[in-house]
Amino acid sequence: DAVNLQTPVTPVASEIYDMHTMMLIICLVIFIAVFGVMFWSVFHHRKSKGAVAAHFHENTTVEIVWTIVPVLILLGMAYPATKTIIAMKDTSNADLTIKATGYQWKWGYDYIKGEGEGIRLISNLSTPQDQIQGKADKDEHYLLEVDQPLVVPVGKKIRILTTANDVIHAWWVPAFGVKQDAIPGYIRDTWFRADKEGVYRGNCAELCGKDHGFMPIEVHVVSAAKYTAWVNERQAAAATSAANDTKTWALPDLVAKGKDVFNANCAACHQPDGKGLPPAFPPLDGAAIVLAPPADQITTVLNGREGTPMAAWGKVLSDADLAAVITYTRNAWSNKTGEAIQPAQIAAARH
Amino acid sequence: MSQAVEKYFVPEPSKFPIFGSFALLCIGSGAVMWLNSVGPGPEVFFLGMATLIYMLFGWFGQVIRESEGGKYGKQVDSAFRWSMGWFIFSEVMFFAAFFGTLFYVRVIAVPSLGSELNAGLIWDGFKAAWPTAGPHAADTFSPMEAWGIPAINTLILLTSGATLTWAHWGLTKDNRGQLKLGLLFTILLGAIFLSLQAFEYIHAYEEMNLKLTSGIYGSTFFMMTGFHGLHVTIGAIMLLVMLFRVLAGHFTKEHHFAFEAAAWYWHFVDVVWLLLFVVVYWL
Amino acid sequence: MSAVTPDQVHDDHHHHGPTGLMRWITTTNHKDIGTMYLIFSFIMFLSGGVMALTIRAELFKPGLQIVQPEFFNQLTTMHGLVMVFGAIMPAFVGFANWMLPLMIGASDMAFARMNNWSFWLLPVAAVLLIGSFFVPGGATAAGWTLYAPLSVQMGMGMDMAIFAIHIMGISSIMGAINIIVTILNMRAPGMKMMKMPLFCWTWLITAYLLIAVMPVLAGAVTMILTDRHFGTSFFNAAGGGDPVLYQHVFWFFGHPEVYIMILPAFGIVSQIIPTFARKPLFGYASMVYATASIAILSFVVWAHHMFTTGMPAQTQLFFMYATMLIAVPTGVKVFNWVATMWRGSLTFETPMLFAVGFLFVFTIGGFTGLICAIAPIDIQLQDTYYVVAHFHYVLVAGSLFALFAGAYYWLPKWTGHMYSEKLGKLHFWCSIVFFNVTFFPMHFLGLAGMPRRIPDYSLQFADFNALASIGAFGFGLSQLIFLAAVIKCARGGEKAAAKPWEGAEGLEWTVPSPAPHHTFETPPVVE
Ligand code: HEA
Ligand code: HEA
Ligand code: CUA
Ligand SMILES: [Cu+2]
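As you go down the protein sequences, you meet chains A, B and C in turn. Quick note, the first sequence lines up with residues 1 to 351 if you use the numbering used here. Quick note, the second sequence lines up with residues 1 to 283 if you use the numbering used here. Quick note, the third sequence lines up with residues 1 to 527 if you use the numbering used here.
No lab work stands behind these hints: they were computed from the structure.
Under the rule of at most 27 Å between Cα atoms (straight-line distance), these lysine-lysine pairs were calculated in the DSS-like manner:
1) C:Lys425 - A:Lys49
2) B:Lys7 - C:Lys195
3) B:Lys71 - B:Lys7
4) C:Lys499 - A:Lys49
Use the sequences and the hints to build the structure in full.
Here it is in structure tokens:
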């Protein structure tokens, strides 16, 4: 079992690792010294051993000594810590800038500067519900796996901008020594440079509601060549997605696509059977807003509902995905409107 | 037979505290129901308020009777002094939380919203300035001017501090007429202050489109001046009680801590206003 | 006054007003009120403990078995709130009520009626807080820190928590004023400040902390309330506010709050160690100054809870240095206690066992606190089980063990009987062993990367979690021994002498055991 900080793969993480080891040793030494003295007393100055109490209750010299010495020890600790803080805060001259946005409960990534600029991904937990509910065996990366990982090149300085859409989250990858709160309405930044290819995993580290425990972070650090290949692949996929947003869809295709979108994004709250978890998470099956003409439902899905966990999905999903998922809810379970909502309607409802 | 050591007064068992607790239970749960529109919220809330008022009358009434009955010695008197002082300190800290908030939003939060990163990536080029209703303000409003009613109110409160001290001199010189007149003036000035503030609020809502919901400016403005107004109201009620007690012939020139406590409170409210005037209205 | 009025004659005879339940509801006696505080806090400790056990049961193995995530978060939140505001704080106030007047030779607390109200507000707050589990949407699930904007999203359980906090705040402020005035104003003739037992000093300083920070907490939750219901934008960036602002206001309260929960514990331990070492406390004056320094420093370290929010480097450095400094006065205390034991004539009755246990285990918690204070390291540790381990070491093995130590120490004075030394020792040994089994593995979990406030975790954390859960149930059961010991002691047993401990000093040991209903109506004269 792991008993220590994860193996560091960035310079900052290594400094933290060593600093922690140093602190641990200093504290242990002090601890043993202080309690060595105490246990000596405990064993030798017992009444049952005939110890007679002394009467001293003051000694200015030792009191001064044990005030000054700790101060000096602390100075010794503060020095390396100060250096590391300054290094951690220096986010200048990044090779690649990525914005990580916390949503309840997933991460969204926008590559905003450097190779791959323009790529967007949404990263959802990919562990199946059955494993969580104990109906299937748990696999190795239980709860630490996502559908679309963040991909970055090895040996490059990556600047991460964090923000959030709803409540505070925190973007944390232990092996990088990076943890930065993602605060709605504000951008914060941090950076890392991974020196070793590999897959690194972390979690959201700020309580963000129901599924706070289920929004992992998975980062693939790959070689420059693999990274370029990945960027090309993503850009081709983006082109298809753009085409999807403009075409007119048949009802069954929308429902099929919508079901996937629903299960990935909506089912956590509204539940796969559409029954929700009232009162916090209302049902959609038989819901008035779903059965009424679509305008209200479209605006609610696009803009969210303030003061509730209902997010503004317009910022996360494409027009085609939104059209599909809305169509799905209007035709799933006992809801049988038979209506197809097209991406164009979503586009019209934006703004 | 005279005793060297004066005994500290320890009251009999009392039923008032439990009324107070019941009152706060009703106020708390009533407010929760009211805010969430479930159950008989307002009814329970006002039942709590009524109980609280009953409790305050009963409890303070008893304290006044004990005091006038000569049960409180020097030591009790100094206990009251300490406690009033520290109570006011707790109020100072309550306001400090809001002053700290105002400082933080003006010096840190709003400028940071207008910074390159935040304004550029999230808030469509929002320009930081004060006052503001934030980068996503639905509406525009006009901010409150310092040199109209607020300045007049400052004068009023300062004057009321003076009239109160004058009343206190009256009390210590055993000039009951001056005492009554001073108290009356002070209370009237307090009432005028509150009326002007109410007028200012109405003006803000109706003509300036400045509301509690007007972003962070509206939030800080109304919450800070509102809590202050609430404290003026409480202070004025305290002074009114003092006036009635004076009319009933209470207090002697040596023994009148209740009056002084009310006066301390009034001066505290005064000082808070000066700070508000400077940081909320003026700067 | 030269003539004794009939009224005063009346007062002189101890007439015991109402009886039965009404006695407790209307009482103005500090001992009655102290007893009620202690019983209330123990009930809250059991309630918070049952929540903790549910948490530990869910975390026994990976996967969701017992509770669903939303309810899990409610349990975590309420466990924290109930333990902090319901168990630990009121327990210390209970000790203050019982012991301060006895220690300084006062006839009662300065404001006996208000004292009653301070207590009777607590059950009201508890009803609101625990009742919130049963309203639509359930209790608040935003963590005991109630961070915005998550707390703005919550259901009506959040409003109940807010009002409960307001009411507890009123109770604490009144209680603190009462304590300050009692200590400053009602000391017996000759009881100089620098002669007061250290417990009085630590409570005096704690009371100042309470008065300074409870109103700030009230302000913070009031802003949440108005953000929730009245459209203000304190914590909403769209309106120009800032979620991080809440954290600043909260921790301005929150950090002094953790010292509110430990300073009286320091006081209790400082009474007990000299008694069982049969030697005066080493460095009395420096103990007083150290306590005051801790209190003052506690106002300038709050942002060490916020190292991951993204502050400028200078701000981080300032808060890191300030936090580290607290190790100095705390170290002075630890060294003084050890020096008090040095060349004493030690015996280890239960109070002493708990005091020594406190010293040993609290210090571990202090060291992990210091490790958290190193900002770069805290980046890795913040919001992990390492922090959970840290604060349970200082709160459970710190505050709670000191409370147990104090309870055994003064039980003879309260009940007039000696407690069963056998049960007491059993309680101690079970507690210290199971405590460490529960919380020591959490250091490893946190270092290895397990976040806190999660109902389910990945597989590499399974073994230590199972161990911690087993420990937690053992620790919980051990507390039933305490219950048994107290009940047994209250119902009978060997008669306790006025001064049952050979090495004890202080006015409380000059009155008979059990302490009569009224004591020191005529102040004793010290020296
Ligand atoms: C009784 C309560 C209590 C006490 C006494 C302390 C004491 C300390 N705490 Fe702790 N703390 C909490 C309760 C407490 N804490 C709680 C509840 C939280 C979490 C809140 C939440 O998020 O929910 C928390 C969280 C917390 C954090 C934030 C962690 C995070 O969220 O990332 C930090 C960071 O600096 C910290 C630091 C400290 C320090 C430096 C001390 C110091 O006072 C410790 C000083 C003591 C010693 C150092 C040991 C004795 C000294 C010597 C023997 C001298 C020689 C030593 C040296 C020179 C090294 N604490
Ligand atoms: C102030 C004091 C305090 C005390 C005394 C405790 C006591 C305990 N706490 Fe504590 N805990 C906190 C304060 C405290 N805690 C705080 C502030 C938090 C943070 C909350 C947050 O994140 O917001 C926290 C969070 C916290 C967590 C993290 C939860 C999470 O992050 O999701 C855990 C997990 O193990 C835990 C466990 C325990 C355990 C096992 C005990 C044990 O010591 C409890 C032992 C007591 C008992 C078990 C009661 C015994 C009673 C019986 C056995 C009777 C049985 C009767 C019936 C069944 C009818 N606590
Ligand atoms: Cu997102 Cu926790
Ligand atoms: Cu702290």
